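Peer 1: The chain contents come next:
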Amino acid sequence: SQTIHQWPATLVQPVGSPLSLECTVEGTSNPNLYWYRQAAGRGLQLLFYSVGIGQISSEVPQNLSASRPQDRQFILSSKKLLLSDSGFYLCAWSVPGTYEQYFGPGTRLTVT
Amino acid sequence: GQQVMQIPQYQHVQEGEDFTTYCNSSTTLSNIQWYKQRPGGHPVFLIQLVKSGEVKKQKRLTFQFGEAKKNSSLHITATQTTDVGTYFCAGPTGYALNFGKGTSLLVTP
Numbered sequence: 001s002q003t004i005h006q007w008p009a010t011l012v013q014p015v016g017s018p019l020s021l022e023c024t025v026e027g028t029s030n031p032n033l034y035w036y037r038q039a040a041g042r043g044l045q046l047l048f049y050s051v052g053i054g055q056i057s058s059e060v061p062q063n064l065s066a067s068r069p070q071d072r073q074f075i076l077s078s079k080k081l082l083l084s085d086s087g088f089y090l091c092a093w094s095v096p097g098t099y100e101q102y103f104g105p106g107t108r109l110t111v112t
Numbered sequence: 001g002q003q004v005m006q007i008p009q010y011q012h013v014q015e016g017e018d019f020t021t022y023c024n025s026s027t028t029l030s031n032i033q034w035y036k037q038r039p040g041g042h043p044v045f046l047i048q049l050v051k052s053g054e055v056k057k058q059k060r061l062t063f064q065f066g067e068a069k070k071n072s073s074l075h076i077t078a079t080q081t082t083d084v085g086t087y088f089c090a091g092p093t094g095y096a097l098n099f100g101k102g103t104s105l106l107v108t109p
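These protein sequence lines are chains D and F, in that order. Per our numbering, the first sequence starts with residue 1, numbered consecutively. Per our numbering, the second sequence starts with residue 1, numbered consecutively.
Worth flagging that the hints you see were computed from the coordinates, not collected in a lab. Owing to the predicted nature of the structure, the values given are computational and were not obtained by experimental measurement. Heads up, the beta-carbon is just placed ideally off N, CA and C, and yes, glycines get one too.
Label pairs and their in silico Cβ distance ranges:
1) D/Val95 x F/Gln2: 16 to 24 Å
2) F/Gly53 x D/Ile53: 35 to 43 Å
3) F/Tyr10 x D/Leu82: 25 to 33 Å
4) D/Thr112 x F/Tyr10: 26 to 34 Å
5) D/Lys80 x F/Lys51: 42 to 50 Å
Stretches of chain D that chain F covers, calculated by requiring three or more beta carbons in the stretch to come under 8 Å of a beta carbon on chain F:
6) 34-45
7) 103-109
Which bits of chain F does chain D cover? Going by a derived footprint, with three or more residues having C-beta under 8 Å, they are:
8) 44-54
9) 99-105
Make the full structure from the sequences, and use the hints.
Peer 2: What follows is the structure, given as C-alpha cells:
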C-alpha cells in the first residue's frame, strides 16, 4: 500500500532563517506531487506541483521554492523565512491521470 | 480562472440534526471531489463524483453532483460528534485541484 511521509511534524524558526521540508511517497511510481499551505482556520492554498522529476509548477509568487530530486521525493525550501510563511504545510500525491489526492500528516511551521 | 465556492463557512448543530454544505463552481467540472479534515489533522479523500446528477451515499453521508456539473452538495443525516471537522469540495484544474474554502462543522452533544 502507499504511504506518504512528511517531516518534521512541527517547526519553530526565526525570521530570516532557511527552511527545508521534505515529503516522500512509498509504494507508487511517478506520482504527481503537491505542496499546499493552510493558514489557521483557512482553506488550502496550492503552492507547487510536480508531474515528474525536476519538473516544478509554481502557483503563486512567494518566498518559497520546491524541488523534486527523486521520483518520490518533494522538497519545499526557503532561503529566508518571513513571518507570513507561518502555517500548516501539507504534501499530497495523486496517481497520474486521476485527481484523488492523498495528503501527508503535515508540518506546522511557526516563524518567530 | 475557475473559482470554487462553498457555503456556509461555519455550521454549528446539535447532535442528531442534519447538516448540508454546498459547493459551486464558476465553470463546468469534469468531476468533483470531497475531503474531510478533522481538527489538527490533514484532509482525507471522501469521494469523487463524475456523472451529471450523480448521487452517492456513504452511510449517513449523501453526495450529489448537479445536472449542469457546476454544483455539488454534501448532506449528513443525524450528525454525530465524530462528524466534526472541515469539509472541502475540489474541482480539477489542469494537473491540480482547486479547493473551496471549506465548511467547518461543529457538533455539540
